[in-house]
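Novice: First to last, the sequence lines map onto chains A and B. Going by the numbering used here, the first residue of the first sequence is number 1, and it counts up by one from there. Going by the numbering used here, the first residue of the second sequence is number 114, and it counts up by one from there.
Please keep in mind that the hints were generated in silico from the structure rather than gathered at the bench. Don't take every hint at face value.
To be verified - Derived lysine-lysine pairs resembling DSS-like cross-links, with alpha carbons at most 30 angstroms apart:
| hint | chain 1 | residue 1 | chain 2 | residue 2 |
| --- | --- | --- | --- | --- |
| 1 | A | K112 | A | K69 |
| 2 | B | K191 | B | K175 |
| 3 | A | K71 | B | K124 |
| 4 | B | K196 | A | K58 |
| 5 | A | K69 | B | K157 |
| 6 | B | K157 | A | K58 |
| 7 | B | K175 | B | K196 |
| 8 | B | K196 | A | K71 |
| 9 | B | K124 | A | K100 |
| 10 | B | K191 | A | K71 |
| 11 | A | K61 | B | K157 |
Unchecked claim - Coverage of chain B stretches by chain A, computed from C-beta distances (three or more under 8 angstroms per stretch; other residues unrestricted):
| hint | region |
| --- | --- |
| 12 | 138-144 |
| 13 | 174-184 |
The beta carbon of each residue, even a glycine, is placed where N, CA and C say it ideally should be.
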Amino acid sequence: AQSVSQHNHHVILSEAASLELGCNYSYGGTVNLFWYVQYPGQHLQLLLKYFSGDPLVKGIKGFEAEFIKSKFSFNLRKPSVQWSDTAEYFCAVIAADTGKLIFGQGTTLQVKP
Amino acid sequence: EAGVAQSPRYKIIEKRQSVAFWCNPISGHATLYWYQQILGQGPKLLIQFQNNGVVDDSQLPKDRFSAERLKGVDSTLKIQPAKLEDSAVYLCASLSHYGYTFGSGTRLTVV
Numbered sequence: 001a002q003s004v005s006q007h008n009h010h011v012i013l014s015e016a017a018s019l020e021l022g023c024n025y026s027y028g029g030t031v032n033l034f035w036y037v038q039y040p041g042q043h044l045q046l047l048l049k050y051f052s053g054d055p056l057v058k059g060i061k062g063f064e065a066e067f068i069k070s071k072f073s074f075n076l077r078k079p080s081v082q083w084s085d086t087a088e089y090f091c092a093v094i095a096a097d098t099g100k101l102i103f104g105q106g107t108t109l110q111v112k113p
Numbered sequence: 114e115a116g117v118a119q120s121p122r123y124k125i126i127e128k129r130q131s132v133a134f135w136c137n138p139i140s141g142h143a144t145l146y147w148y149q150q151i152l153g154q155g156p157k158l159l160i161q162f163q164n165n166g167v168v169d170d171s172q173l174p175k176d177r178f179s180a181e182r183l184k185g186v187d188s189t190l191k192i193q194p195a196k197l198e199d200s201a202v203y204l205c206a207s208l209s210h211y212g213y214t215f216g217s218g219t220r221l222t223v224v
């Protein structure tokens, strides 16, 4: 069965610091990969997605993620975080044959001004 | 395009009561999902519909949860009777070739 693991549950950074959130999945077949963000009191929003092609994916608000197939990883990065990036971040995977979108447990990012 | 509509936004009930949530997906989206998001956790898939048929309900606690999508458009998720551990946000999502679109969710508090 497919599953998603996010390494960090709670990350605290100062503004302008660089961010990397880890995500690993377990599934042997073809997958599509996503990062979602959930700002306090708001619904899930798509940050970026990977379906195929260039494994380095750029998303909204300066975020990017790199798909490393050999490591089953899809880590999220941002060179310089802002206070407004404070939110919960979810990695998610769809296995191509099941079509089920499975989420990781989430990482809470707190950016101090 | 319009988003996924969910109602109500908030609901507070006592344990052992019943509750129903409604979702109206984006027009034309054949695939609809219900997720349960407990505070501090990632959304957990409860049920997946393709038109009005159930594709996957393996994570749905069928002794108390039920869902239907009779005309392949809007959907209802019901809990009867509710338990304290059902307190969560219930998210509906629909799928197009652009990807998933989530509704704002219904926050259920069981007291």
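Novice: Are the hints correct? Go through all of them and say.
Specialist: Now the hints, each set against the structure:
no., hint, in the structure
1, A:K112 to A:K69, "violated, 33 angstroms"
2, B:K191 to B:K175, "holds, 10 angstroms"
3, A:K71 to B:K124, "violated, 42 angstroms"
4, B:K196 to A:K58, "violated, 42 angstroms"
5, A:K69 to B:K157, "holds, 24 angstroms"
6, B:K157 to A:K58, "holds, 26 angstroms"
7, B:K175 to B:K196, "holds, 14 angstroms"
8, B:K196 to A:K71, "violated, 40 angstroms"
9, B:K124 to A:K100, "holds, 27 angstroms"
10, B:K191 to A:K71, "violated, 40 angstroms"
11, A:K61 to B:K157, "holds, 26 angstroms"
12, 138-144, "violated (count 1)"
13, 174-184, "violated (count 0)"
Hints 1, 3, 4, 8, 10, 12 and 13, counting from the list given before, are not met by this structure.
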